[in-house]
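Asks: Residues per chain, in single letters:
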Amino acid sequence: MIRMVGLGRAFGELWAVRNLTLDVHAGEVLGLLGPNGAGKTTTVRMLAALIGPSEGEAQLDGHDVVTDAEAVRSRVGVLTETPGLYEKLSATENLDFFGKLHGLDERRRREAIERLLKLLGLWDRRSEPAGQFSKGMKQKLAIARALLHDPSVLFLDEPTSALDPESAFVVREAIADLRSAGRTIVLATHNLDEADRLCDRIAFVRGTFLRVDSPARLRGDLGRFGVDVTLAPDAGSPAGVDLVSVAEAVAGVTDASARNGVLSVAFVDEGATPGLVRALVGAGAAIAEVRRKAATLEDVYFEVMGATPAADTLERDG
Amino acid sequence: MRWKLVRAVIGRELKEVVANRWLLVGIVLPPIALVTFPLLLGVFMPDDTLPPEFREQILRQRPEWAALSERELTGAFTVQQFLPYFLLMPAYVPLAIATFSIIGEKQSRSLEAVLATPIRTTELLAGKTLAALVPGVLTGWATYAVFIALGAAIYGPRLFGVVTDASWLAGVFLLGPAIGLVSTVAGVLISARVSDPRVGQQVGGVVIVPLVAVGILQATGTLLVGASGYVILATILMTLGIAGLRFGAWLFGRETILTRWR
Numbered sequence: 433m434i435r436m437v438g439l440g441r442a443f444g445e446l447w448a449v450r451n452l453t454l455d456v457h458a459g460e461v462l463g464l465l466g467p468n469g470a471g472k473t474t475t476v477r478m479l480a481a482l483i484g485p486s487e488g489e490a491q492l493d494g495h496d497v498v499t500d501a502e503a504v505r506s507r508v509g510v511l512t513e514t515p516g517l518y519e520k521l522s523a524t525e526n527l528d529f530f531g532k533l534h535g536l537d538e539r540r541r542r543e544a545i546e547r548l549l550k551l552l553g554l555w556d557r558r559s560e561p562a563g564q565f566s567k568g569m570k571q572k573l574a575i576a577r578a579l580l581h582d583p584s585v586l587f588l589d590e591p592t593s594a595l596d597p598e599s600a601f602v603v604r605e606a607i608a609d610l611r612s613a614g615r616t617i618v619l620a621t622h623n624l625d626e627a628d629r630l631c632d633r634i635a636f637v638r639g640t641f642l643r644v645d646s647p648a649r650l651r652g653d654l655g656r657f658g659v660d661v662t663l664a665p666d667a668g669s670p671a672g673v674d675l676v677s678v679a680e681a682v683a684g685v686t687d688a689s690a691r692n693g694v695l696s697v698a699f700v701d702e703g704a705t706p707g708l709v710r711a712l713v714g715a716g717a718a719i720a721e722v723r724r725k726a727a728t729l730e731d732v733y734f735e736v737m738g739a740t741p742a743a744d745t746l747e748r749d750g
Numbered sequence: 128m129r130w131k132l133v134r135a136v137i138g139r140e141l142k143e144v145v146a147n148r149w150l151l152v153g154i155v156l157p158p159i160a161l162v163t164f165p166l167l168l169g170v171f172m173p174d175d176t177l178p179p180e181f182r183e184q185i186l187r188q189r190p191e192w193a194a195l196s197e198r199e200l201t202g203a204f205t206v207q208q209f210l211p212y213f214l215l216m217p218a219y220v221p222l223a224i225a226t227f228s229i230i231g232e233k234q235s236r237s238l239e240a241v242l243a244t245p246i247r248t249t250e251l252l253a254g255k256t257l258a259a260l261v262p263g264v265l266t267g268w269a270t271y272a273v274f275i276a277l278g279a280a281i282y283g284p285r286l287f288g289v290v291t292d293a294s295w296l297a298g299v300f301l302l303g304p305a306i307g308l309v310s311t312v313a314g315v316l317i318s319a320r321v322s323d324p325r326v327g328q329q330v331g332g333v334v335i336v337p338l339v340a341v342g343i344l345q346a347t348g349t350l351l352v353g354a355s356g357y358v359i360l361a362t363i364l365m366t367l368g369i370a371g372l373r374f375g376a377w378l379f380g381r382e383t384i385l386t387r388w389r
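Chains as they are written, first to last, in our numbering: chain A, 433 to 750; chain B, 128 to 389.
For the record, the hints were derived by calculation from the structure and aren't laboratory data.
Ideal placement from N, C-alpha and C gives every residue a C-beta, glycine not left out.
Hints may contain errors.
Just the calculated beta-carbon pair ranges, DEER-fashion [claimed, not checked]:
hint, chain 1, residue 1, chain 2, residue 2, range
1, A, Glu560, B, Trp130, 25 to 35 Å
2, B, Gly353, A, Arg539, 50 to 60 Å
3, A, Arg540, B, Thr366, 50 to 60 Å
4, A, Glu560, B, Leu151, 44 to 54 Å
Okay, derived cross-link-like pairs now, BS3-like style, lysine-lysine, Cα gap no bigger than 30 Å in a straight line [stated by the list, open to error]:
hint, chain 1, residue 1, chain 2, residue 2
5, A, Lys725, B, Lys142
6, B, Lys233, A, Lys725
7, A, Lys520, B, Lys142
8, B, Lys131, A, Lys550
9, A, Lys567, B, Lys233
10, A, Lys567, A, Lys520
Facing chain B, according to a computed beta carbon distance under 8 Å, are these residues of chain A, among others [unchecked claim]:
hint, residue
11, Val510
12, Thr524
13, Leu642
14, Arg656
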């Protein structure tokens, strides 16, 4: 559906992104994850034929983003970072205008507007000026605008930034529904949880694609597995037995520590769990719960970006 | 040029103008004043207002007015002073709409969504220019129609001939729209560089200054521009306006609008 080969864009002498090479398949949700200024918006704008690349090429649905830009724009829906609505106009008037720009006839515009406003829960407010809407409602109206002409690909640029949790939830639900409907979506975000929940694959961006894979594989490839073993409150730990040493002696265990009745154990791989439980029970431990731990997308993010939260803070402060 | 898309832009722009009460008041008030003041002057002015030597000077410059009565001559001289204002209106109204339109889009950040559609920049600019220009020109023409109808009713039927002579017709129907075009293009170009509508209008007001100067010269009798003068001026301004539009279309590529109009 989308093909990028060595795509790059410079502003003056500064490269915003370079060497972007990737295929996005039909029905796939690709997340572009990276810090502010990483090049996510530039990538979206190039793929939506809003700005031209400085090098490389990209096709969308077989149409080149430079030589066939109009065809590309007629096939994409773009949700910009800010809703960018005409605030004096009603929800219906806003959508009707964009429907006209996409060349929809009156009947198709009317049907699409009614369907989308009902889908996104805005039908009852359709005649009110968009300026009177809450941030979440504005964002939903902007989503409706992006979907109006039934685009092949949907680009969502920071769809939940600057929204309160309730509005962000509503927008995420709307995106999840689109995903279920098999829509091809490129989601630029710096919200890790959002990317984890909504995306089939995640591309970490910082001037280029640093890493692209599914959220599960990204977490798995980090090689951080482990469990938290909660011991029974009264008789969990047998007298005279150092359970940390017992755990560390198990094959595949790389690290173990105990705190407040919970034994945290790190493995090379998940296969070490049965051996650990056997060893602990054999040493007399009364186990109340074994909870599996996996690397979070946040762990992956800092690993891939080559920074830690603390280091990042120091860098920014400095 | 796909006129369907241009019409869509014009329709949307005009809806926003109508929805903006203060902008609408700013557009509607000047025409009302322009019709009211000269006619009130005519109603309350005594018949022998013009000193004899001034009357002679007017008739030297306008020998075709010799047949007018004292009251009609006073009326003709009075309404003649207002012709420049009919030229100002097509300049003022489009300037207000154009600056509001582009700077409003910058402030609401609505342009990126528009540019993500298949519309071409020339179609977008044409829509914005026409949406600003047409109301200005139509307002000017409508005001002129009311002005000549009421003027003829108050001053008598012979004044109708004065305000519909060749210079008035050339001024209202040729020079006015030409001035409007230049004003709109100036509004578009200026608004692209500033982010406050007031600054846009103030800078754009500079375009109107030469017209005010012409008005003063006309009022003092220093310069009485005739129909041919208006036609020449209109031709020059139309050429300038069209060149400005082409320059704007060249200057405002999609990327420029997207990355610099903010």
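Asks: Look at each hint and say if it fits the structure.
Replies: Going through the hints against the structure:
Between Glu560(A) and Trp130(B), the C-beta spacing of about 31 Å keeps the proposed range 25 to 35 Å intact. For Gly353(B) paired with Arg539(A), a C-beta distance near 55 Å keeps the hint of 50 to 60 Å intact. One distance hint, 50 to 60 Å for the beta-carbon pair Arg540(A) and Thr366(B), is violated here, with the actual separation near 42 Å. Separated by about 20 Å at the C-beta atoms, Glu560(A) and Leu151(B) break the suggested range of 44 to 54 Å.
A C-alpha spacing of about 57 Å is found between Lys725(A) and Lys142(B), which places the hinted pair above 30 Å, so the restraint is violated. Note on Lys233(B) and Lys725(A): the hinted pairing is violated, with a Cα-Cα distance of about 48 Å set against a maximum of 30 Å. For a cut-off of 30 Å, the pair hint linking Lys520(A) to Lys142(B) stands: about 8 Å separates their Cα positions. Our distance criterion of 30 Å between C-alpha atoms is met by Lys131(B) and Lys550(A), whose separation comes to about 28 Å.
At most 30 Å may separate the alpha-carbon atoms for a hinted pair to count; Lys567(A) and Lys233(B) meet this at roughly 19 Å. Between Lys567(A) and Lys520(A) the alpha-carbon distance is near 15 Å, which keeps this suggested pair within the 30 Å criterion. Taking 8 Å as the C-beta contact cut-off toward chain B, the hint placing Val510(A) at the interface holds, the least distance being around 4 Å. With a least beta-carbon distance of about 11 Å to chain B, the hint placing Thr524(A) at the interface is violated under the 8 Å criterion.
With 8 Å as the threshold, the beta carbon of Leu642(A) stays out of range of chain B, its nearest partner Cβ sitting at about 25 Å, so the hint is violated. Contact between Arg656(A) and chain B, as hinted, is not supported at the beta carbon level, the nearest pair being about 40 Å apart and thus beyond 8 Å.
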